[in-house]
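Spelled out, the chains give:
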Amino acid sequence: MNRQPKAVALISGGLDSMLAVKVLLEQGVHVEGINFYTGFCVEGHTHAIRKHDQKKEKRNNALWVAELLGIKLHIIDVIEEYKEVLTNPQHGYGANLNPCLDCKSFMVKKAREWMDENGFDFIITGEVIGQRPMSQRKDTMPIVARECGTDERLLRPLCAKLLSPTLAEREGWVDREKLYDFSGRSRKPQMALAEQFGFDEYAQPAGGCCFLTNQPYSAKLSDLWQQRGSKNYDLDDIMLLKVGRHIRPKSHFKVIIGREEGENNFMNGYRKQFTHLRAISHNGPLALIDGDVSGDDLQLAAQLVARYSQGRDVAEVQVEINEKGKETPFTLDVAPLRNDDIPQAWYI
Amino acid sequence: MTSDTLDARNLLCPMPVIRAQNRIKTLTKGDILEVTCTDPGAKNDLPAWCRINGHQVAEIETRDNAQGTEIIIKIVVGGE
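As they're listed, the protein sequences go chains A and B.
For the first sequence, this note's numbering gives the first residue as 256, with consecutive numbering after it.
For the second sequence, this note's numbering gives the first residue as 104, with consecutive numbering after it.
If you are wondering where the hints come from, they were derived from the structure by calculation, not from laboratory data.
Mixed in with the good hints, there may be bad ones.
[What the hints assert, rightly or not] For the chain A half of the interface with chain B, some residues (derived, Cβ under 7 Å), not all of them:
(1) Leu-328
(2) Ser-438
(3) Arg-442
(4) Lys-443
[What the hints assert, rightly or not] Derived pair list, reagent style SDA-like, types lysine to any residue, alpha-carbon separation capped at 20 Å:
(5) Lys-327(A) - Gly-182(B)
(6) Lys-527(A) - Lys-132(B)
(7) Lys-177(B) - Pro-150(B)
(8) Lys-128(B) - His-329(A)
(9) Lys-527(A) - Asp-545(A)
(10) Lys-128(B) - Trp-369(A)
(11) Lys-527(A) - Thr-583(A)
(12) Lys-132(B) - Pro-143(B)
[Claimed, not checked] The following residues of chain A were derived to be distant from chain B, with all beta-carbon distances above 10 Å:
(13) Tyr-292
(14) Arg-314
(15) Asn-315
(16) Leu-318
(17) Ile-326
(18) Asp-332
(19) Glu-339
(20) Asn-373
(21) Arg-425
(22) Gly-453
(23) Gln-482
(24) Asn-487
(25) Tyr-525
(26) His-537
(27) Asn-538
(28) Gln-573
Since this is a predicted model, take the numbers as computed values, not measurements.
Virtual Cβ for every residue (Gly too), placed ideally from N, Cα, C.
Please work from the sequences and hints to get the whole structure.
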């Protein structure tokens, strides 16, 4: 090759992909980043919504990493395409609704398409053998490469020395000797390399970077699918699963109740799409009703909303109800439900 | 030179960035794109995306209204 080799890097915003890129930049490779947005990426969402988290600096770590490394970053919306990955994973789910192996295959395949369309030579990831229980094992890594048709063009700089040489190494686009042999769940080798590169700040996401690895989130998604009778969803559905208490008093509807001001503000943006309620005689949260409801259902939902208002201990709370598609709200005076009146099974 | 607007209200990052990125692909160097967001994260993310991709942020304005706070980011499209 008589030009600078070009690699596209899968950038999550975490330390491993940051190091993988830096290793290649040090070897003179032109690197650009790619980041896929599935809708389930944690990436500061809850921080952006919740009031008590708003003092934390809000930033997209993938963008921050790209800027630090001085590379371009392309963020790609894969929300629609990802539905097939999530609803029909060929390799099954992990501990929750996380289809990690299929997800990795999907992303590498998309990176391969991007690579071909943009005239790049190979793909790099920050994967480390043994780092993740599903997608980063020595026996599963070849599956990903094979399924994506990237066998020869997928380089994992942090553990390359433990794997067979890829095209980039064989062709001399990168020096295999300057790649690494990291393995296992320990983060010490990565932290040492970060120090060597002078990276004193990097994201360390607790609990992973995907909501699908989160048990309560997966339970809400599972409930959504069950009630709809199909594994379907849109972006609004999966955003709303991230906020509020989700309470299903009856199979045909659930009530989403904001837990604090930030969530109420966020849910306020959705109020026109849902029948929504709020206590007006007392301070209280905004609640959205997901499902088709009748008079008795609204009475029950209002009692629930009253329970989470500051009038929870009084005899009667006035709740304003705005029915979806109707201009004029009406009010109900209801007795707040007591804790004992709310079966645990209602909480999703 | 043309001016364009993008409504990215009620979208959480990175969606405002993705929408701006896709819209900018349809514009040419020197065009202006005004993006209205409600996610406070956009105040950092859109300028960061602009910096690494060669666009300029001309102005960031914050407006409070009954629905909350809106952030208006004016981008001057760059290009290679």
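Hint check results:
no. : hint                    : verdict
1   : Leu-328                 : 6 Å, holds
2   : Ser-438                 : 31 Å, violated
3   : Arg-442                 : 26 Å, violated
4   : Lys-443                 : 30 Å, violated
5   : Lys-327(A) - Gly-182(B) : 13 Å, holds
6   : Lys-527(A) - Lys-132(B) : 38 Å, violated
7   : Lys-177(B) - Pro-150(B) : 10 Å, holds
8   : Lys-128(B) - His-329(A) : 12 Å, holds
9   : Lys-527(A) - Asp-545(A) : 12 Å, holds
10  : Lys-128(B) - Trp-369(A) : 16 Å, holds
11  : Lys-527(A) - Thr-583(A) : 12 Å, holds
12  : Lys-132(B) - Pro-143(B) : 27 Å, violated
13  : Tyr-292                 : 6 Å, violated
14  : Arg-314                 : 5 Å, violated
15  : Asn-315                 : 5 Å, violated
16  : Leu-318                 : 4 Å, violated
17  : Ile-326                 : 7 Å, violated
18  : Asp-332                 : 5 Å, violated
19  : Glu-339                 : 20 Å, holds
20  : Asn-373                 : 13 Å, holds
21  : Arg-425                 : 32 Å, holds
22  : Gly-453                 : 19 Å, holds
23  : Gln-482                 : 24 Å, holds
24  : Asn-487                 : 20 Å, holds
25  : Tyr-525                 : 8 Å, violated
26  : His-537                 : 21 Å, holds
27  : Asn-538                 : 18 Å, holds
28  : Gln-573                 : 22 Å, holds
Checked against the numbered hints given earlier, the structure breaks hints 2, 3, 4, 6, 12, 13, 14, 15, 16, 17, 18, 25 and satisfies all the rest.
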